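Protein chains in written order, with my numbering: chain Y, 1 to 457; chain H, 1 to 457.
Don't read these hints as lab results, they were simulated from the structure.
Any given hint could be a false lead.
Copies of one chain are not kept apart here, so a pair can be met inside one copy or by any two copies together.
To be verified - List of simulated lysine to aspartate or glutamate pairs, EDC-like, C-alpha gap at most 20 Å:
#: 1; residue 1: K353; residue 2: D239
#: 2; residue 1: K211; residue 2: E358
#: 3; residue 1: K211; residue 2: E271
Predicted model only: the values in this text are computed from it and were never measured.
2 protein chains.
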Amino acid sequence: MSSAAIEYARSNYPRFLDELKTLLRIPSVSTLPEHKSDVLAAAQWLAAELTRIGMKNVEVIATPGHPLVYADWLNATGKPTCLCYGHYDVQPPDPLDEWKSQPFEPIERNGNLYARGAVDDKGQMYMHVKALEALLKSCNSKLPINIRVILEGEEEVGGEQIARFVREHPDRLQADFALVSDTDMFASELPTLCVGLRGMIYTEIGARGAKTDLHSGMYGGAVPNPFIALAQIIARLKDSAGRILIPGFYDAVKSPSADELKAWQTLPFDEEHYRLTEVGSSRLTGEPGFSVLERTWARPTLDVHGMPGGFTGAGAKTVIPAKAVAKVSMRLVPDQKPQQAFAQYKTYVEALKPDGIELDIRLIHSGEAIVIGTDNLYIQAATRALKKVWNKDTVFIRSGGSIPIVGDFERHLKIPTVMMGFGLPDDNIHAPNEKFHLANFYRGIESIIEFFEELAG
Amino acid sequence: MSSAAIEYARSNYPRFLDELKTLLRIPSVSTLPEHKSDVLAAAQWLAAELTRIGMKNVEVIATPGHPLVYADWLNATGKPTCLCYGHYDVQPPDPLDEWKSQPFEPIERNGNLYARGAVDDKGQMYMHVKALEALLKSCNSKLPINIRVILEGEEEVGGEQIARFVREHPDRLQADFALVSDTDMFASELPTLCVGLRGMIYTEIGARGAKTDLHSGMYGGAVPNPFIALAQIIARLKDSAGRILIPGFYDAVKSPSADELKAWQTLPFDEEHYRLTEVGSSRLTGEPGFSVLERTWARPTLDVHGMPGGFTGAGAKTVIPAKAVAKVSMRLVPDQKPQQAFAQYKTYVEALKPDGIELDIRLIHSGEAIVIGTDNLYIQAATRALKKVWNKDTVFIRSGGSIPIVGDFERHLKIPTVMMGFGLPDDNIHAPNEKFHLANFYRGIESIIEFFEELAG
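Excised from the complex, chain Y in its bound form:
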């Protein structure tokens, strides 16, 4: 039997979708300075919406970076308090030429909504807002539990401002647990809670050879080439099988429990299907002796994201660039510490420095890996709510991605986080043609309503 809130939601889905499209049209790309006003516009739009649905104390909190949005409703005396977190910033849309439709003009195709941010995280964050609206509008402007909402605009660039806010104002975010919807379901129709995240360090290695760009004809053979230097360094960061060669890097790595590994083996995962449909490469890579799930959830990895510098246009320019940069990140797992991992990496890279090259190795941002216990009462309530909506038992997974805020909540607010996400593995997050499966948008809203009602007891 559906609650009044669920009835309300169901009769308002077309409007909910229209509103989400409006939000997706705002190109709130947090890493690009030219989109600063768009990020602000998204924050203001959300604040107005939170006010409209009946949340209290709504505030756009200015920061030295992009703003935070806060709202609460704290009149459910004796009931638990949930801190709803989401982010309204998005990744850059490039490479633009691989999008089938415009990244900031949401369009429906085959039951999916395509746009940058559709699922990461505007669409998922907006499920929280619409669940709150359904509860407030169907029950005399009351919620079954206490709610605080905190939204950030810098998740895609490291989340520095919210991290500071959590650290400096834990009182304003006081809660019993947090709810984050920024993860995937393991498979279509399979209700999923994520109980582990990898951490990360994102770095840049700047390499400089000559003082200025030089002609490769005149100077080739005498002058250090920073791209070749970076190639020599990168080639020694991992062996050909994919094992990271940084001394000491694996020392703190803690294996998942035997139970956890056993549960992962029962998940519906077809490596060949994954390779063909999600990845599309001629073969998968990575550390020998570990399954794909272990490699992406529970092992540290290292990737290069781009190598700016030199000549990147069409055709030929015969230049020995003075400088080049490699954007290199590592994913971390329990119990690796970001600062220690960066120190190990920096020491190793410096030791690989070729003659004639100066290096500048910088940490751009970092986040700690985290594992949440499956036995706490919020996780338990979430599994009951999911069972009602999806009629299936929840599976517990980890994610290879990083949500540093979950670590901040644990560290500074002393609360666990329920990661109840409704993305799908083929949603193309951070890539062209990002999408959100619309059935998941709707059932996600219902799952959150059921979760909050479940917690009211």
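Using the hints, position chain H against chain Y.
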């Protein structure tokens, strides 16, 4: 005693300089499609100028690429015919933020003219035009020898159109020798003829892993990374000392003669000064056992110019790019053949292909290395002309750069080329703050006038 032509030139230098500035303001960047109309504008401007000074049969010759400009004056019966070659296209100006003034707004500082193309090759090419004007205007519209002028707009992108024109219409360029001013003097005040050029092959290695960009958190540890693949390949193209590791690559390399090597040792070359003032790196690199002049003039080399793909903006984007490209070129020396060198390279790179990666290895353009004998009569006449203007004996050098047209002239027109250039080693060609020393612009014009008068006998 100065000839009438030299008197004419000297009284018109301010105007000559103003005209060159006008030409330099046209951003004729041949490699960038958005500058196509600028390249055409430069061709048309030069054709108008050749007509104005009294050259005959002036024509802008359309091609499938950028146009050629032709002109002649062939009424000096019984005298030799010189084919004056130059190029009016330029390299892209990036990185723009390292220019002290605008690249396409020529400006004089300390006796130099700063602009993209100032010396490579608009300024040097324009010396020919102004020498011809001085001779025509001071001697009843007559020249002391026969002249054909051919100018191209694709030198910086491989010169495909002029190569085809030389191959298909050798009759229209029939001459006894060619004059090219696109090289440097060995040192300030040291008249120099260049009698050797390196060849080159310019390639792109495209690497593809996954079918689309993927999130490095979700997929890191299972998916091939094309930047890491390219780094692994590049790191194996040269050893740490700078020796190219492509099997068979050095087999065809011919050493300079003992006389040539001995003459190079007498040139005023201070390796530490070169490192500090021209290069500015903490040390020089390259094959052990060879001097800097040998390494840059007479040894093959390999450089990476840029690695487009992935995320190159400011900040962090956590993407495993589907594809990445490395722009890699090799300089060749006698008797290496470009096609064979490319075949050796391609075979070797394909053998280095990491698992899970598809490679696409393309030859963008190529040119053959060349050496000109110092005993031919045009070289001899050039040394006499240079002695008159500079009052010093000419030094014979090679250049590490490539001027493929010199090989085309030898192969299809069966003529030698006199490479009489007036650039200086610190002119920053292909780099920010390109300049031309104005005294060399003026004395270059006088040297060419003397050269043509010398050849009239």
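Structure-based check of each hint:
{"no.": "1", "hint": "K353 - D239", "result": "both (18 Å within a copy, 14 Å between copies)"}
{"no.": "2", "hint": "K211 - E358", "result": "within (11 Å within a copy, 35 Å between copies)"}
{"no.": "3", "hint": "K211 - E271", "result": "between (49 Å within a copy, 16 Å between copies)"}
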